[in-house]
Structure formats: C-alpha cells, structure tokens
Amino acid sequence: MTDDRRAYSAVSIGLHWTVFVLIIAAWSLGLYMADLPLSPQKLKYFSWHKWIGVTIFFLAVFRAVSRLVHPPPPLPASVPPRQRIAEGVSHALLYLLIFVVPVSGWLYSSASGVPTVYLGWVQLPDLVGKDKALAEQLKQTHILLNMVLFGIVCIHAAAALKHHFLDRDEVLARMLPFLKK
Amino acid sequence: MFDMSLAGKFYTILCATLVLLLPLPGVAQQVDYSRSQITFVSRQMNVPVEAKFTRFTAQLSFDSANPQASKARIEVDLASFDIGNDEINTDIQGKDWFDTKNFPKATFVSSSVRALGDGRYEARGPLIIKGRTQEVVAPFTVKTDASGNSVFDGAFNIRRLQYNVGERMWRDTELVADEVRVRFRLHTGSKPASTK
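Chains A and B, in that order, give the protein sequences.
Residue numbering for the first sequence follows this note's numbering, beginning at 140 and increasing consecutively.
Residue numbering for the second sequence follows this note's numbering, beginning at 9 and increasing consecutively.
These are computed hints drawn from the structure, not numbers from a lab.
Just to be clear, a hint being listed does not mean it is correct.
As the list claims (entries may be wrong) - Computed list of lysine to aspartate or glutamate pairs in EDC-like fashion (alpha-carbon distance at most 16 Å, straight line):
| hint | chain 1 | residue 1 | chain 2 | residue 2 |
| --- | --- | --- | --- | --- |
| 1 | A | Lys181 | B | Asp99 |
| 2 | A | Lys301 | A | Glu226 |
| 3 | A | Lys181 | B | Asp71 |
All chains, full assembly: derive it from the sequences and hints.
Okay, structure coming up:
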C-alpha cells in the first residue's frame, strides 16, 4: 500500500510553527533578561519566560501524542538511507529537547527557591528544594541544553532549505503547504 | 492596618523607647540561634518566594502561668537578609527596599501577651521597620521539647508599603504583593546568646 499523503496534518503544522515561535521568544527573552539589573521588568520577563517554557512543554506532549495519531508523511523516495538516519536522529533529539529544556529550567527555578507559577495562576510543584550549588549546576545545564537545541534547530532548518532549494523536492512543502507545486 | 496621627506615632515610638529601656522582668530565656529562625514569604507575580534573616537577637521572658507578664524584644539585622541570590541580597539593602544604611534594624517589642488557650498565645506590639511603626498581632504556639526547652512558633502578615519597603518602581503591588507573611521560630536553649 502506498502512502500518498504529501503533507503533515494541519494540527502538526500548526503545532510545529507555534512551538517554533515560542522557542524563538523564550530564547530572546532568556538571553536578554539574564544579565539585566534587578527591576520590575526583569521579574516580568522571568515570569513570561517560564510561562512560555511551560507552554512549550505541554505543546511538546501534545505533539508527541499527535505524531503517534498522525504519523508524518513519508520522505520522498529520492532521499538516500544515510540522510534518513540523520533525519531520524535529529528529529528524535528535537523532540527530546523540547521536553528536557523546559524541565531543566523548571528545576533550575525550583533550586533557586523560586517556584514556577504558570500564568501567575497554577503553581507547579518543586521537585528539588532550594540549593544554591544545585541551582548553579542546573543553570549551566539549562544553558548547555539550549545551545545543543540551537545547534540542532540550525541543522534542521538548513536541511529543510537544502531539500527545497538544492534537491528541489517536497520535504519543506510538507510543513509549508503553500510551497507545494 | 490603621492610620496613626503624627502624635500617635510619636507616642508609639516613645512607648517603644521606654519599653526598650526597661529591663525585662521575670526569668529571661536564653535563645539558641542555631535552632531559631525568622523568615518571610513575599509574592512577586503571585510567585511565593521565601527569604530569611540570618542575624537577629531575641530577648524573651515567657511565663505560661502568667502570660500577661511575658515580654519579648526582637531586633533583626536587616542587612542579614538572604533570599538565596547575591544580586537580590545586595539590592534589598538599597534605599528603595530596607535602606539598611539608615535603618539597619527592624524592632519588635511586645506591649501585651495573652493566652488564647490550647497552648496558643498572642503577642501585640509595635513593629518598627525603616523608621515606620505599625502595631502587629502575632499569634504563636509554645511547645516544650524533650530537653525542656521552649519552642515558640508564630506567623503574622504585614503590609510592606506601610513600612515604605519597595519604593518608586517597586510600589506596584501587582508585581510585588503588599502583603508579606512573616514567620518566626524561637528555640530556647543553652547555646550562648550570640548571633551567627
């Protein structure tokens, strides 16, 4: 039986681009706010950053479930086996990181003695107690994981553009249906 | 809590000063600071954050048989504020918050202590922070541990803006709530009465 689906489901496409925008927003806020002097704005940015992170986590759960329900469309037959492996590994890492990065931020916040209160409304439990040394380690972990995520997002985007402009196949169009020929 | 006239404020400060000068009657209890703590929880954007004061002195004279005769005098070294973040610890010393250069200490002196029953009591008295005085009511419990020492546990709420704590851009209570929960545990014991 051939799978003639040529694009991701509308739900998958919506989730992909929503999470993309949220990750860019969380990165921008995170990089900008970290070294600000203490101010009301800084407290707001930290809260917003955490709310975005929690949202990404929930959307990641939703995406993982949605991916099981709507498997992604197959890659074009022209894609060689090695690239298929690279595709599998990079997507697995992206999925892993959109779970792990928010969790590392949540733990870092808890260890700093600042609980996370989603939207100023729902207080998440603290999985670790206040611990200055642990907080510093978790901060470094959070930064490192984000750097890894950034690297893989760049590879992911570069691969999509390569498929579109060099291979001229329909890989990118699966996620951006208006590109479809 | 309530608005005091200038004369009222002066009177409270005068009373507090007089009480400060009086020697504590009855049996003064030694406080073991290693087992005592004064902490508070403030809320920023509805996020509860706990901080503590690592240096304070407490002079207690508690008599369960005659609670009305009990006295407490507590002085908190505000520069010992610790929220677990060095940057914030330093900022809190500044003019907008505690202004510890001009107001190094917060002081509470009990004006009355009464029994509420079931090992519960209530201390009232002026609390002075940043040169401003407000009457506070602090309910507390008293328990005796295995070695016969007393453990006083209590909590009360204060409004930070009544003490001018968090000025200018920090006045916004949507950002940092006005209400602050203060908790104390005073453990009597034989350790020397010096602060950490």
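Against the 16 Å threshold, does the CA-CA distance of Lys181 of chain A and Asp99 of chain B hold or violate the hint?
It holds: about 13 Å lies between the C-alpha atoms, which stays within 16 Å.
Do the alpha carbons of Lys301 of chain A and Glu226 of chain A lie within 16 Å of each other, as the hint requires?
13 Å, holds
If you draw a straight line from the CA of Lys181 of chain A to the CA of Asp71 of chain B, is it 16 Å or shorter?
Not satisfied, since the Cα-Cα distance of roughly 48 Å exceeds 16 Å.
When each numbered hint is compared with the structure, a violation occurs for hint 3 only.
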